[in-house]
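First to last, the sequence lines map onto chains A and B.
First residue of the first sequence: 1, per the numbering used here; consecutive thereafter.
First residue of the second sequence: 1, per the numbering used here; consecutive thereafter.
None of these hints come from the bench; they were simulated from the model.
One or more of the hints may lead you astray.
[Said to hold, decoys possible] According to the in silico footprint, chain B covers these stretches of chain A (three or more CB under 8 angstroms from chain B): (1) 16–23; (2) 47–61; (3) 93–99.
[Stated by the list, open to error] For the chain B half of the interface with chain A, some residues (derived, Cβ under 8 angstroms), not all of them: (4) 52; (5) 60; (6) 94; (7) 99; (8) 103; (9) 104; (10) 105; (11) 107.
[Claimed, not checked] Between beta-carbon pairs, the in silico distance windows are: (12) A:54 x B:73: 31 to 39 angstroms; (13) A:57 x B:40: 23 to 31 angstroms; (14) A:19 x B:83: 36 to 44 angstroms; (15) A:96 x B:86: 22 to 30 angstroms; (16) A:7 x B:41: 13 to 21 angstroms; (17) A:79 x B:64: 38 to 46 angstroms; (18) B:87 x A:7: 23 to 31 angstroms.
Small disclaimer: the values here were computed from a predicted structure and weren't measured.
Where a beta carbon is used, it is the ideal one built from N, C-alpha and C, also for glycine.
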Amino acid sequence: QSVLTQPPSVSGAPGQRVTISCTGSSSNIGAVYDVHWYQHLPGRAPTVLIYGNNNRPSGVPDRFSGSKSGTSASLAITGLQAEDEADYYCQSYDSNLSGSVVFGGGTKLTVL
Amino acid sequence: QVQLQESGPGLVKPSETLSLTCTLSGASISGYYWSWIRLSPGEGLEWIGRVYTSGITHYNPSLKSRVTISVDRSKNQFSLKLTSVTAADTALYYCARGGGGGYFDSWGRGTLVAVSS
Numbered sequence: 001q002s003v004l005t006q007p008p009s010v011s012g013a014p015g016q017r018v019t020i021s022c023t024g025s026s027s028n029i030g031a032v033y034d035v036h037w038y039q040h041l042p043g044r045a046p047t048v049l050i051y052g053n054n055n056r057p058s059g060v061p062d063r064f065s066g067s068k069s070g071t072s073a074s075l076a077i078t079g080l081q082a083e084d085e086a087d088y089y090c091q092s093y094d095s096n097l098s099g100s101v102v103f104g105g106g107t108k109l110t111v112l
Numbered sequence: 001q002v003q004l005q006e007s008g009p010g011l012v013k014p015s016e017t018l019s020l021t022c023t024l025s026g027a028s029i030s031g032y033y034w035s036w037i038r039l040s041p042g043e044g045l046e047w048i049g050r051v052y053t054s055g056i057t058h059y060n061p062s063l064k065s066r067v068t069i070s071v072d073r074s075k076n077q078f079s080l081k082l083t084s085v086t087a088a089d090t091a092l093y094y095c096a097r098g099g100g101g102g103y104f105d106s107w108g109r110g111t112l113v114a115v116s117s
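When you get a sec, could you build the whole thing from the sequences and use the hints?
What follows is the structure, encoded as structure tokens:
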């Protein structure tokens with residue numbers, strides 16, 4: 001059971017917008033900790049999509065955006081493309097676990 | 001641009017010790033946090049623990065009793081030992097830079113470790 005809760009799957013047609021939620025608590029997302037998002041393509045290493053809640057590393061398209069409010073965070077993907085089909089994970093830290101890293105359970109995005 | 005490469009046995013017997021090494025190239029191991037993360041079949045990512053280049057460690061409480069992570073600055077490597085393994089430890093193991101308060105900005109390609117007799 002992951003500390004951060006994500007929907008197991010989301011889907012959308014090419015060109016559409018999808019959002020992936022990441023729900024935590026007052027000891028992680030609702031505390032001082034930032035939320036980061038990773039894209040994991042099969043057979044590849046995960047790569048960071050969003051860091052510090054809403055920042056994109058260079059090279060990540062602006063179709064990807066992140067937000068955080070209270071004890072939850074969201075990843076939004078606009079203009080969905082076939083190559084966006086992947087697993088997405090949120091990550092933060094948890095003060096109840098002595099500042100350990102915590103991940104969401106992952107969300108499988110299917111592009112219809 | 002730092003590159004990370006995991007290495008170690010792909011098969012470990014139950015009750016034995018899983019040992020993996022992560023070798024860095026393109027950057028020094030100094031001044032960063034380094035972590036081990038695993039992805040189990042049908043599960044999500046699980047953080048195992050981290051080491052700072054000073055050797056200070058921090059482990060996932062759920063694995064703490066079985067985990068040791070160490071750093072070898074002379075070889076630009078850090079290592080993972082997980083004792084008393086069971087089938088539940090079968091996973092794709094990644095090494096990554098980060099885990100000390102921020103995000104993981106570089107990852108290895110991962111190495112699959114199966115626990116089986």
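List of violated hint numbers, smallest to largest: Per hint list: 1, 4 violated.
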